[in-house]
Structure formats: structure tokens, C-alpha cells
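J.: Using the UniProt record's numbering, the letters of the sequence shown map in sequence onto residues 1 to 753.
These are calculated hints, taken from the structure and not from any lab test. Wrong hints could be hidden among the right ones.
As the list claims (entries may be wrong) - Derived Cβ-Cβ restraints for the label pairs, each shown as a range: (1) Ala497 x Ile725: 26 to 34 Å; (2) Val277 x Ser150: 37 to 45 Å; (3) Asp705 x Ile178: 45 to 53 Å.
To be verified - Cut-off 25 Å, straight-line C-alpha distance, at most; resulting in silico cross-link-like pairs (PhoX-like, lysine-lysine): (4) Lys703 x Lys612; (5) Lys263 x Lys184; (6) Lys371 x Lys280; (7) Lys351 x Lys492; (8) Lys550 x Lys398; (9) Lys718 x Lys612; (10) Lys143 x Lys280; (11) Lys445 x Lys426; (12) Lys341 x Lys160.
For each residue, glycine too, the CB sits at the ideal point set by N, CA and C.
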Amino acid sequence: MLRVLLFPIIQFPLFRSPSENPNATRKKKKEKKGHGTHEQEGSSQEQDHQQQTQQIKKRIFKKRDITCGFPVPLDPEPLQGVWVRRKGQQGEDTFGNKSDNFAHRKTEEINKPVQAASSTENTQAVIKAGPSGVLDKKSFTEKQKNYWLSLIPSRRNLSKGGTQGRSIKVFTNMVQIIFDSNFKVKATHYDVKFSPNKSKMLKRIAFEKLRIEKFPKNWPAFDGHANVYSAGDLPFRHSITQIVQITNEEVYEDCAITITMEKVNEIDLSWLPKVCVGFKAKDKDQSAIQVLDTILRSAPYSRAISIGRSFFQYPQSQAFDLDNGMELWVGMFQSAVLGWKPFFNVDISHKSFPKAVSVMEAIKEQCTEPKKPPPQELTAEMVSKSMVRINKFLEGMKIVFQIPNKPSSKRNFSVNGLGLPAKDAKFMLDNGQESTVANYFHRLKGYKIQRADLPCLWVGSKQKNVLVPIELCTIAAGKMVTRKLSEEQTVKMMKEAGKSAPERMGGIKTVLNSMDFNNNLTMKEFGVSLTSQLEQIDARVLEPPSLKYKDIKSLKVQKGVWRAGKFLEAQSIQDDCWTILNLSSECKEEEIRKFTSVLQNFGKESGMIIGKPRTPFGNMQIQSAQDIRVLIHYLEQQKKNRLKLVIVVIPKSPADVYAKVKQTAELHIGILTQCLRDLTISKIVQNTDRATTVNILLKINSKLDGINHTFVAGIKPKCLEGAIIFGADVTHPSPDSTNSPSIAAVSGGQSEY
1 MLRVLLFPII QFPLFRSPSE NPNATRKKKK EKKGHGTHEQ EGSSQEQDHQ QQTQQIKKRI
61 FKKRDITCGF PVPLDPEPLQ GVWVRRKGQQ GEDTFGNKSD NFAHRKTEEI NKPVQAASST
121 ENTQAVIKAG PSGVLDKKSF TEKQKNYWLS LIPSRRNLSK GGTQGRSIKV FTNMVQIIFD
181 SNFKVKATHY DVKFSPNKSK MLKRIAFEKL RIEKFPKNWP AFDGHANVYS AGDLPFRHSI
241 TQIVQITNEE VYEDCAITIT MEKVNEIDLS WLPKVCVGFK AKDKDQSAIQ VLDTILRSAP
301 YSRAISIGRS FFQYPQSQAF DLDNGMELWV GMFQSAVLGW KPFFNVDISH KSFPKAVSVM
361 EAIKEQCTEP KKPPPQELTA EMVSKSMVRI NKFLEGMKIV FQIPNKPSSK RNFSVNGLGL
421 PAKDAKFMLD NGQESTVANY FHRLKGYKIQ RADLPCLWVG SKQKNVLVPI ELCTIAAGKM
481 VTRKLSEEQT VKMMKEAGKS APERMGGIKT VLNSMDFNNN LTMKEFGVSL TSQLEQIDAR
541 VLEPPSLKYK DIKSLKVQKG VWRAGKFLEA QSIQDDCWTI LNLSSECKEE EIRKFTSVLQ
601 NFGKESGMII GKPRTPFGNM QIQSAQDIRV LIHYLEQQKK NRLKLVIVVI PKSPADVYAK
661 VKQTAELHIG ILTQCLRDLT ISKIVQNTDR ATTVNILLKI NSKLDGINHT FVAGIKPKCL
721 EGAIIFGADV THPSPDSTNS PSIAAVSGGQ SEY
């Protein structure tokens, strides 16, 4: 559960010279009237004072601690004393020099003298920062920790909600965890080891075999790795070692696994039912939460495929087709959450899986052009033309190999790619003779390969050359592959996953019931169950703010959107001050000209006059370093021509074109760009898409220092007047992008609006 803490920002006054009388500034202002000499002297003194103030501020407050929101003194010694935090006469915090006769209070009280602290009881030394200028919070005393925690605003009454807006009832994706009368208040923790180490699936099979043999009347919770939690001690002493025989479904052979269990701890669960409003975080034991989470995962483990914190069952009906060999499965995300009560957080999960079809059918689909039916028969020529695409799809795929009518030949393999055709691929037999794959299967396996002209599958270890005929292979069901979906697949997945609130609630109830939690024997043994209804809570619908445009004084939300009017301050673009650079071979000149017309028309509606673009439009593709040099030369020419804006049409691939354009144009050359996908251009031209076009104009106007809209007067709280507002974003790479970093960005803005 994500816990967000809001820290107060302490506002500091400008510092005065320690020797200056607080009322001196007022006297100087009076002396300025009618006295030229005094005015010059006062002006000179004022300048000296301002310079001194700036020097003091630079020396003391060199860095700011963003976490706590207050300046940190890094070099207090040269100022003849130690800067301290004092309690003023009315209890407010003040800052000053230990040797001064007064300290600096709040801004509005800057001219009032404050007596120095008379005792050390009401004085707290400001904590010095480390060498990097960041507070060393590990060195805080308990008193200092409590002090800073006391600055965090807290709700006055945790049981009472707000008062603004319209009161409603809403359902949440939470169900309450029930601790029955037979709830076990202590769990015994066992460490479990497997030798040899096996996959998570085989560990579960082996542990279940051990349970049946050694403690069949107990149903402990196993996390699939190395931890077992039981409701009390299991019927053996401190430890146990047992060899179990299981069938390895990866190679369909029997194997022996040695399991060692050893008791390591007893975990107190008695506090879990006591969790309520105001329950202190320090009283929450993370080990107990882990035990509870493992218990609750026991039910779906026996019915579904586990991927991360989600579970996916085999589709009971036809799964949603994502094309290109993939389909969409619907699963369940779950997690134990300790909020105002112990809750079970449940939600719908969506995940793409390879279709469980024959490899021949999968290759047919890879050889098919978009929006066309697959071919009736697969030919070697088709495979050769689509070799790169097929290898990309098959790499890492789990397949099941089996010769017809020979169950003992069944094997699971991981695919490396395509090899030579069965009639051409050769290898050495154990007797030293050379044989083709086709002859080997015909003579030694009793199976004649039907399509010896098609490539074999290269499977297993990459250090070995194991080849199997594709006609004997099927893609394994429910085996996840870590790869990024294509753009078309992503769009289809998002459309299917985007459900209305009632539909999503119905889906949550369906997956929750399908797991049959309350009949799980592990949960029964621990005395834990779930309510059947989603938790309902009080909520309030806040009135959305009204926006102000140039032609609309107050625009309210209609069906969830603000329909934009004329921009408050529109920045027009004169003739020959903008152009379009086309980097996509899919976007034609005619489409770009139509887009220009649409942009100008909707710009006029928004109060933004867009003149004629500079022509001819640029046209190039970015594939190599040489192309980057051509791009740099083109953009430099546009800057010399004093263009305000270049609209760049970005292709689907390569994926890094956008980054290269932005780095080149805005970081190195210094010319504004607005990048648009070629598909976006086509969409706007075909449908005269007003919403998309206006959104583009909003971005362009902002980049040109225009103001699109503002809040109606009186809506913004007083505390936000004159404040700078920060926004943050973190973009994470896809799971298969192991070498790509997560990118964090922070932006801020301050405006009179």
C-alpha cells in the first residue's frame, strides 16, 4: 500500500543584519522625504544592506532539503554563533543567531523584536546537513523525530469525513478479512530447502507430496520459495529431511527431490484482528502481514497460474484474440492490506499469453499480412520471406513436443529459433554415422515427417543443436513470455480491458467467487475467511472547478470534459514562421496538406491565427548516423530562417526517432518542435477529429508562451496564491527491457493565473 506524506513548507523571511534596529527601515523612509543628502546616504546604506543580506543567505542556506521543505544551514560558524530554532513568546517557531538580541519570526512580524531564548529547554539546534547538503535522518534522536513528525498535518477526526461536495455511497475493490473464533494467534515459521533446486511449480508439487506423506492432517501455507507457515507446530520435532519422488513435467520423467524443513520462529498474529482507526504503524509487524498474505494466496495457487501478485485461470470460453499469435487472459490481483481494518484488496488483471495452437498454425499467422486471412497451406517460400518475424515470435516460446501415439516421447522445450529443413539438417548418431532429421525420425522413431521441406525448431540449450520437426510441436498453454506487445496489440488490449465501473465490479465478483477462498483448507485451519460483499464506504463528489477562456467567463464540466473555447492568451504564428518535417514513409504529402488546413481552421476557432507554413515541407527518414547529420543541417537552416515551430511527423519505427528529434532540435539547436505520430495525422484528416486537433493546439500555444485557460476568480485557495506548483512523473520500462532505466521527471510552474 502506498502511503503519501505531505510535508509543510516553512516560509522564511528575508534576513536583516544582526546589528540593525528593526525600526531603522521605517526611519530611513521618513528621512528620504525632502532631504537629498539623506536620501543618497539611505540609498547607499540600503544597497549595502541588501548585498550583505544576500551574502548571508548564500553562506547559510546553500541547499534546500526537499523532503522536509526547509533550508539547511551548512556553514554557521563564520556568523559568530550557532543558528537555532527557538520558541517565541506565543509558541511560534523563530530563527536567529544565538548571540543576537532578537530572532527572525514569521514574515508579517519581521519588524517586531524578539528576546533571545533564556533557557535550553525551548531551544532546538537546527540539525546540520551532511557533506552532500542532505539531512542525515538516521542521526535523529527520538525527540527530534517526534518533532518533525508533529509538523505533518493530521486529520482531526479519523472517523469523520469531509463536508464539501455531494455525499454518496461507493463500492471499493476491497473485501473485509474475517478472523473467526478459531483464529490461530501464533504461526510457526519453517525454513524449507530443496535439493536439487527446482522451479516454483515443481517445488509446490514436491511439498504437497511431503505433506501427504508426513503430516496429512495439516494444511500449512507455502510461499513457493523457501517459507512455510503452519497453524502451530507440525507433528515432528525441530526439523525433518525427506526424499520425495515426483514427475518432472518439463521432461516427463520421474525425479527425486530432498526436502529439508527446519523451525526458525513463532510469529505473533494476535494483533491482526485489533487493527482499527488510529492503530499505530509501529505496532504493525511486517512478518505477520507476510504470513497473512501467504495464507490468502493458498486458495488461488491450487486453481490458477501465478504471475507476480496476480493469478490467471485457463479461459473457460474463447479468449480475446490480440492477433499475431497472442490472446488476452483475465485474472485477479490480490493483496492483504491493513488500513482502518484488515482488508483483502482484489482487482482485475489482464495479461497476454501465446495461443495454445500448433506451431504450424502459429507460423501461418506470422506469415499473414494485416487484415488478411491466413493461408490454407504453409510453404517454405512463405517461411523464408517472414524468417525474421517468425524467429522474433518464437524465441523463448515454450512448446510441447510429442510423436503421435507415443506418450512417452512427450517433452517440453524452450525455442531458440528456426533451423534448417528436416531433409537438409544433419547430425551425428551415437554410432558415428551421419543422418538427416527426416531419416532419423523415419528409421529410429517410426515416424515419417510430412513436411520435411519446412525448417525444424532449434530447441533446448543454445550450446547444443537439438532440432525437432515443427509439425510435432504445439505451443504450451499458459506459459508467459516477457516481451513487448506491438502497438496494434496494445491498442486492442487497452480497449478490451477498459471497462465501465459496473462491468469491472461484476468482473471482480466473478474472479473472487471462482477462487472459492472460504473453502480452502489452509484458510480454514488458520481460522481466516473473507466476506462475500465488496466494502461500501461514504464518499463525496467535489464540484469540479470552472475554467475561464477568452470568450467564456465560466465554463463548467459537461459529461466529464471541458469543451475548450478561445484561448485566454493565444499566440498566433505568422506566415512562413512554421513548417512540417515528415520522417514517415507512410504519411503522404496530400495528407500533410489536409492536416495543415484542419489545424488552421481549428486554430481560428480557438483564437489562434496560424499563417501559411513555409514550403516545401521537409522529407527524410532517420535510420543511421548520417541521417542524424542531415536532420541537424535541416533544423539549423530552419532556425536561421527564424521559424517559431517545426511540426515533426514521427513514424512507428525505429522506436528512438522521437528521442533523437527532441535531443537534436531542443537541446542542441534550440528550435521548438511538436511531434505527431503518422497515425495521428491520418486520424485527424480522415475524421476531422476536433478533440485531438484542439489538444495539439493546446500544447503548441503553451510552447509559444500562450495561456490556454485559467480558473474562474475565487476558486483558487489563498494558500496557493504566489505558490509554485510541481508535478512529477516516473516512466518504467516493460518487463523485457532489462537494460532500460526508469526515467523520473519533475516540472514546476508559477503564474499570476
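J.: Compare the structure with each hint and give your call.
T.: Hint check:
no. : hint                        : in the structure
1   : Ala497 x Ile725: 26 to 34 Å : holds, 32 Å
2   : Val277 x Ser150: 37 to 45 Å : violated, 20 Å
3   : Asp705 x Ile178: 45 to 53 Å : violated, 59 Å
4   : Lys703 x Lys612             : holds, 19 Å
5   : Lys263 x Lys184             : holds, 18 Å
6   : Lys371 x Lys280             : violated, 59 Å
7   : Lys351 x Lys492             : holds, 12 Å
8   : Lys550 x Lys398             : violated, 60 Å
9   : Lys718 x Lys612             : violated, 44 Å
10  : Lys143 x Lys280             : holds, 18 Å
11  : Lys445 x Lys426             : holds, 16 Å
12  : Lys341 x Lys160             : holds, 16 Å
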